[in-house]
Every structure is written in structure tokens, then in C-alpha cells.
Amino acid sequence: MNAFANKVSDKLGEQLMLKQALALTLEKIINKALNLNINDSVELKSLNEKRVTIILDELNSPLSFSVYQQQILVTSFTEYSDCTIITSLKTLKELQKNQQLTELIKQDKLDITGDIKLAQQFANVAQNLTIDWQTELAKHIGDFATYKLTRFGKTLVDKIKFLKNQVQADSSEYIVHEQKLVITKNQLNDFNQQVNNVSEQAEQLMLRLATIEKQLNK
Amino acid sequence: MSTPESSNNQDNSTHFGFKTVDKTAKASMVADVFHSVAKQYDIMNDLMSFGVHRLWKRFTIDASGVRPGNKVLDLAGGTGDLTAKFSKLVGKDGKVILADINSSMLNVGRDKLRDKGLVQNIEYVQANAESLPFDDNTFDIITIAFGLRNVTDKDKALSSMYRVLKPGGRLLVLEFSKPEHELLNKAYDFYSFNILPKMGELVAKDGDSYQYLAESIRMHPDQETLKAMMENAGFEQTSYHNLTGGVVALHKGYKF
Ligand SMILES: C[S@@+](CC[C@H](N)C(=O)[O-])C[C@H]1O[C@@H](n2cnc3c(N)ncnc32)[C@H](O)[C@@H]1O
Numbered sequence: 096m097n098a099f100a101n102k103v104s105d106k107l108g109e110q111l112m113l114k115q116a117l118a119l120t121l122e123k124i125i126n127k128a129l130n131l132n133i134n135d136s137v138e139l140k141s142l143n144e145k146r147v148t149i150i151l152d153e154l155n156s157p158l159s160f161s162v163y164q165q166q167i168l169v170t171s172f173t174e175y176s177d178c179t180i181i182t183s184l185k186t187l188k189e190l191q192k193n194q195q196l197t198e199l200i201k202q203d204k205l206d207i208t209g210d211i212k213l214a215q216q217f218a219n220v221a222q223n224l225t226i227d228w229q230t231e232l233a234k235h236i237g238d239f240a241t242y243k244l245t246r247f248g249k250t251l252v253d254k255i256k257f258l259k260n261q262v263q264a265d266s267s268e269y270i271v272h273e274q275k276l277v278i279t280k281n282q283l284n285d286f287n288q289q290v291n292n293v294s295e296q297a298e299q300l301m302l303r304l305a306t307i308e309k310q311l312n313k
Numbered sequence: 004m005s006t007p008e009s010s011n012n013q014d015n016s017t018h019f020g021f022k023t024v025d026k027t028a029k030a031s032m033v034a035d036v037f038h039s040v041a042k043q044y045d046i047m048n049d050l051m052s053f054g055v056h057r058l059w060k061r062f063t064i065d066a067s068g069v070r071p072g073n074k075v076l077d078l079a080g081g082t083g084d085l086t087a088k089f090s091k092l093v094g095k096d097g098k099v100i101l102a103d104i105n106s107s108m109l110n111v112g113r114d115k116l117r118d119k120g121l122v123q124n125i126e127y128v129q130a131n132a133e134s135l136p137f138d139d140n141t142f143d144i145i146t147i148a149f150g151l152r153n154v155t156d157k158d159k160a161l162s163s164m165y166r167v168l169k170p171g172g173r174l175l176v177l178e179f180s181k182p183e184h185e186l187l188n189k190a191y192d193f194y195s196f197n198i199l200p201k202m203g204e205l206v207a208k209d210g211d212s213y214q215y216l217a218e219s220i221r222m223h224p225d226q227e228t229l230k231a232m233m234e235n236a237g238f239e240q241t242s243y244h245n246l247t248g249g250v251v252a253l254h255k256g257y258k259f
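First to last, the sequence lines map onto chains A and B. Here my numbering is used: the first sequence runs in plain steps of one and ends on residue 313. Here my numbering is used: the second sequence runs in plain steps of one and ends on residue 259.
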């Protein structure tokens with residue numbers, strides 16, 4: 096029964112692309128922090144074009160970090176990595192600045208396959224990033240559900256407003272060139288009415304989105 | 004109305020959305036659609052999919068197994084979302100070729116990638132998927148995202164991809180597919196035929212093109228049919244993953 100439940104939740108996770116959503120969120124947070132810390136990037140430079148994979152006890156999929164020109168791409172690759180770190184979130188939290196990973200290996204808290212030097216460099220880069228994970232994650236995950244919907248609504252409303260103005264501008268132009276009019280005034284009025292309807296619907300949609308957002312943020 | 008694909012092999016007609024048209028006419032009609040949407044394409048992508056296309060594309064990258072030094076073909080690559088990611092992942096020793104039949108899409112793509120500072124390992128090639136202008140056994144990975152449904156002769160295109168793929172290489176086809184549940188299917192139909200073209204009208208000022216997109220999605224082969232078509236073209240170990248309830252599916256196949 097448990098295996099079945101796991102399978103269902105795996106399938107669901109795959110369909111909802113949770114791994115990818117997590118990767119996208121991490122990537123945003125990390126690169127934002129990297130951009131702020133741009134001067135102590137010597138170690139990041141030496142990691143250029145390298146891929147470090149972390150397998151955490153708490154997550155059922157690996158996270159891969161690929162460095163390219165001072166930016167990090169987060170993926171869930173499994174097939175190839177320059178170095179793989181197997182550990183737990185708990186251990187990562189305990190990790191001290193400039194701590195040697197070998198210490199943790201000795202304590203059986205961490206395991207590495209591949210180039211251990213890369214792992215150490217990667218850990219150092221990570222340690223030097225000042226990321227307030229709690230706030231950042233909360234911000235992005237809160238965003239995640241609402242971000243797309245709200246932005247969708249906002250863009251739609253903006254576009255419609257633009258269209259409304261455009262139509263009004265156009266129609267005054269049509270009045271000037273009345274003889275050339277292909278569209279009758281009735282048609283134009285109809286069209287204006289339709290635009291107004293859509294516009295109202297969109298504003299209602301925005302209101303509903305705002306309510307949903309409030310509920311989600313509770 | 005004839006059934007999807009049925010007319011493809013028998014005569015010189017094919018589908019343009021729900022309309023049956025002459026095969027040679029389709030390519031230019033598809034071209035018109037993409038010429039007219041090129042500029043607004045990225046905005047529409049976000050709007051149409053609520054931004055989820057970014058996750059579909061990430062899923063594709065994750066399944067590609069790409070590594071530094073690889074040679075990747077992003078076919079029907081349009082404005083280059085996948086190319087941008089691949090370019091970073093293959094590094095300076097690798098190469099990504101963004102190929103599209105449509106020059107407007109390629110231009111928008113090139114400008115966008117340049118703005119992102121991505122130049123060193125990307126090439127742009129105007130090409131038809133049905134007859135790819137590359138040597139046999141050239142690429143480690145080929146992706147075609149939301150492109151195959153626009154191609155007139157899909158079997159020919161799949162064979163052409165097979166030819167240019169290296170032995171051991173893999174093809175990834177990301178495409179709208181058939182939602183797994185009837186209810187979702189209905190909701191999705193409603194969305195595609197009623198909302199999507201209206202959005203196209205309002206945002207891109209081009210309802211017809213988006214009506215075409217909706218129709219072409221419906222005419223596209225379902226999961227099992229596409230898998231069989233890939234096998235016909237020679238691909239092995241073919242499989243697919245449904246995403247978002249089968250609204251989109253990622254097909255994968257290898258050449259050995
Ligand atoms: C919906 S866009 C997808 C763009 C991009 N791959 C993405 O996912 O955002 C489809 C693209 O397929 C291209 N296309 C259509 N028919 C093609 C063909 N026969 N060969 C190559 N590209 C084609 C169009 O020009 C267009 O850029």
C-alpha cells in the first residue's frame with residue numbers, strides 16, 4: 096500500500112514538475128545572491144563548466160549545479176556529474192564556514208564520489224553566499240502559485256486597456272476619413288461593447304486572483 | 004472531416020489545423036503563422052501556459068542528459084528558450100544549433116540570446132525539419148519542442164532527425180498531446196478553442212494564428228501514435244512522460 100502511495104505521489108510530482116519548480120526557485124535565489132557577491136568569485140571561476148550534484152536524504156531526487164560564466168544552472172540531472180555529494184539537509188545546515196568536508200566524511204555524515212577538490216570549492220562558494228533561505232524560499236514559493244496567475248491577469252488587463260485606447264484613437268481617425276469607412280458605425284460600437292465586456296471580465300478575474308492570493312498568503 | 008494523419012500518406016494533401024490543404028501550401032501557411040506571431044511569441048507563451056512552459060522545457064533539459072562538449076540540435080527552436088539553457092550546459096567545447104524554418108523566429112531568437120550574452124557556442128540555421136542540412140551522425144542530442152505538429156510530413160522529419168543523430172544519441176520531442184482524463188480533455192478543448200484565440204486576438208492581435216495553433220494541437224498524433232511513428236523511423240527504447248495531465252508529453256528515443 097505504501098509503495099503504491101509512493102508511486103502515485105512520484106507520478107503526480109512528475110506531472111506537476113515539482114523538481115523543476117524547485118530547481119527554478121533555487122536557481123533564482125542563488126543567482127541573485129551570486130550577483131551581489133560578484134567580487135569574491137575566484138572559486139566560482141575555477142568551477143566554470145563543472146557540474147556538482149547533491150543527493151540529500153530528505154529529497155528523492157538529486158540536485159545538480161552547473162556553473163557557467165559566474166552563473167549557476169540548477170537541474171535534476173542524474174546521468175553525469177564531475178562530483179557527487181551525498182549528505183542530508185541537516186548536515187548542510189551544520190556546515191561551518193571553511194569547514195573541511197573530509198571532517199564530515201570521517202564522521203560519516205557525508206560521502207563524495209568524483210573530484211573531492213571540486214566539492215570543497217563548491218562548499219566554499221556556497222558558504223560565502225549570504226542567503227537568508229527562510230525568507231527567500233518563503234518569498235519564492237509564495238510567489239510560485241500566485242506569481243503566474245497575478246502576472247497573467249495584470250498583463251491581460253494592461254493589454255486590454257491598451258487595446259481600448261487604441262480602438263478609441265482609431266475610431267476618431269475613422270471619423271476623419273469617413274468616406275473610406277469599411278466598417279459601419281454599428282459594427283464599431285459592437286466591437287467597442289465587446290472590448291468593454293472582456294475588460295470587465297478581466298477586472299473581475301483580477302479581483303478573484305487577488306482573493307486567491309490573499310488566501311494563499313495566509 | 005478526415006481523421007488525423009490519415010490523408011498524410013495517400014495524396015498530396017495535409018492538415019492546416021482542421022482544414023485539409025495542399026502539402027506545398029501548408030509550409031507557407033505555417034510560415035505565415037509564425038511570421039505573424041514571432042514578436043509576441045514569448046509573451047504569448049507565458050500567457051497561454053500560465054508560465055508552465057518554462058517547467059515543461061526544464062523537464063526536457065533534465066531528460067536530455069546533456070554534458071559539456073555535446074553537440075545539440077534545437078530543431079524548430081523558435082526564439083531559443085532551450086538553446087539558451089543548452090548553450091550554458093555544453094560549455095565552450097560544445098555547440099548548439101538553433102534551427103528553424105522561419106527567419107523571423109530565428110531573428111527574434113538571435114537577438115534575445117545575444118542580449119543574454121550567449122554567443123560563443125551557438126549557430127543559427129534556417130532549415131526544414133523534413134530535410135535537415137547536416138551530415139549523418141552529427142548530434143548527441145536533438146530536441147524539437149512544440150514544433151513537430153507544424154511539420155507537414157512528420158515521418159520524413161523523424162527519419163531526417165534519425166539520420167543526423169549520432170549512434171548513442173537521443174531525440175526528445177516535447178509536444179502538446181492528449182490529456183489523460185476526459186474532463187481535463189474537455190476543459191482543455193474549451194480553453195484552446197474559446198480562450199486561446201481570443202487571447203491571441205487581444206495580445207498578439209492575431210486570433211487566426213492562435214486558432215490555427217489550437218487546431219494543430221488537436222490534430223497532432225496522441226502519445227502512442229507518436230511513439231509508434233518514432234519507432235518506424237528507427238528510434239529505439241522509445242518512451243514518453245505525460246506532463247500536466249497529458250496536456251503535454253515528452254517523447255524520448257535513442258539511435259543505437
Ligand atoms: C510553437 S514554435 C516553438 C518554438 C520553440 N521550440 C519553443 O518551444 O518555444 C514552433 C516553431 O516551429 C517552426 N517550424 C514549423 N515548421 C517547421 C519545419 N518544417 N521545420 C523547422 N521548423 C519548423 C516554426 O517556425 C516555429 O518557430
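Do not take every clue at face value.
Claimed, not checked - Below 27 Å or equal to it, Euclidean Cα-Cα: the simulated DSS-like pairs (lysine-lysine) are:
hint	chain 1	residue 1	chain 2	residue 2
1	B	K201	A	K140
2	A	K123	B	K169
3	B	K74	A	K145
4	A	K212	A	K140
5	B	K189	A	K127
6	A	K106	B	K169
7	A	K140	B	K159
8	B	K115	A	K127
9	B	K189	A	K123
10	A	K145	B	K169
11	A	K145	B	K189
Claimed, not checked - Pair ranges (Cβ atoms, derived):
hint	chain 1	residue 1	chain 2	residue 2	range
12	B	V122	A	D210	53 to 63 Å
13	B	I198	A	L113	23 to 33 Å
14	B	I46	A	N126	19 to 29 Å
15	B	V122	A	K212	28 to 38 Å
16	A	N126	B	H184	51 to 61 Å
17	A	T306	B	E227	40 to 50 Å
18	A	K106	B	E185	52 to 62 Å
19	A	Q194	B	E185	34 to 44 Å
20	B	N235	A	L131	23 to 33 Å
21	A	L131	B	G237	35 to 45 Å
22	B	G237	A	E198	31 to 41 Å
23	B	N140	A	D203	38 to 48 Å
24	A	D203	B	V128	46 to 56 Å
25	A	T173	B	G72	15 to 25 Å
To be verified - Listed next, the stretches of chain B that the computed footprint assigns to chain A, with coverage defined by at least 3 CB atoms under 8 Å from CB atoms of chain A:
hint	region
26	82-93
27	238-252
What the hints contain is simulated information worked out from the structure, not anything from laboratory work. Think of the CB as a built atom: it goes at the ideal place given N, C-alpha and C, for glycine as much as any other residue.
V122 of chain B and D210 of chain A, beta-carbon distance inside 53 to 63 Å? Since V122 of chain B and D210 of chain A have Cβ atoms about 29 Å apart, the given range 53 to 63 Å is violated.
27 Å limit on alpha-carbon distance, applied to hinted pair K123 of chain A and K169 of chain B: 34 Å, violated
Range first: 34 to 44 Å. Now tell me if the beta carbons of Q194 of chain A and E185 of chain B are that far apart. 56 Å, violated
Is K212 of chain A close enough to K140 of chain A, meaning Cα to Cα at most 27 Å? Since the Cα atoms of K212 of chain A and K140 of chain A sit roughly 14 Å apart, the hinted pair holds (cutoff 27 Å).
For the hint 31 to 41 Å, verify it against the beta carbon of G237 of chain B and that of E198 of chain A. 53 Å, violated
27 Å Cα cutoff - pair K145 of chain A, K189 of chain B: Violated, at about 46 Å.
Look at the Cβ atoms of K106 of chain A and E185 of chain B and judge whether their distance stays inside 52 to 62 Å. Given a distance of about 19 Å, which is not inside 52 to 62 Å, the answer is violated.
Supplied distance hint 19 to 29 Å, evaluated on CB atoms of I46 of chain B and N126 of chain A: Given range 19 to 29 Å: holds, Cβ gap about 23 Å.
N126 of chain A versus H184 of chain B beta-carbon gap, inside 51 to 61 Å or not: 37 Å, violated
Hint consistency between K189 of chain B and K127 of chain A [alpha-carbon to alpha-carbon, up to 27 Å]: 41 Å, violated
Quick check on a hinted range of 23 to 33 Å for N235 of chain B and L131 of chain A, using CB atoms only. 53 Å, violated
Status of the given 35 to 45 Å range, CB of G237 of chain B versus CB of L131 of chain A: 50 Å, violated
Consistency note: the structure conflicts with the earlier hints numbered 1, 2, 5, 6, 7, 9, 11, 12, 16, 18, 19, 20, 21 and 22.
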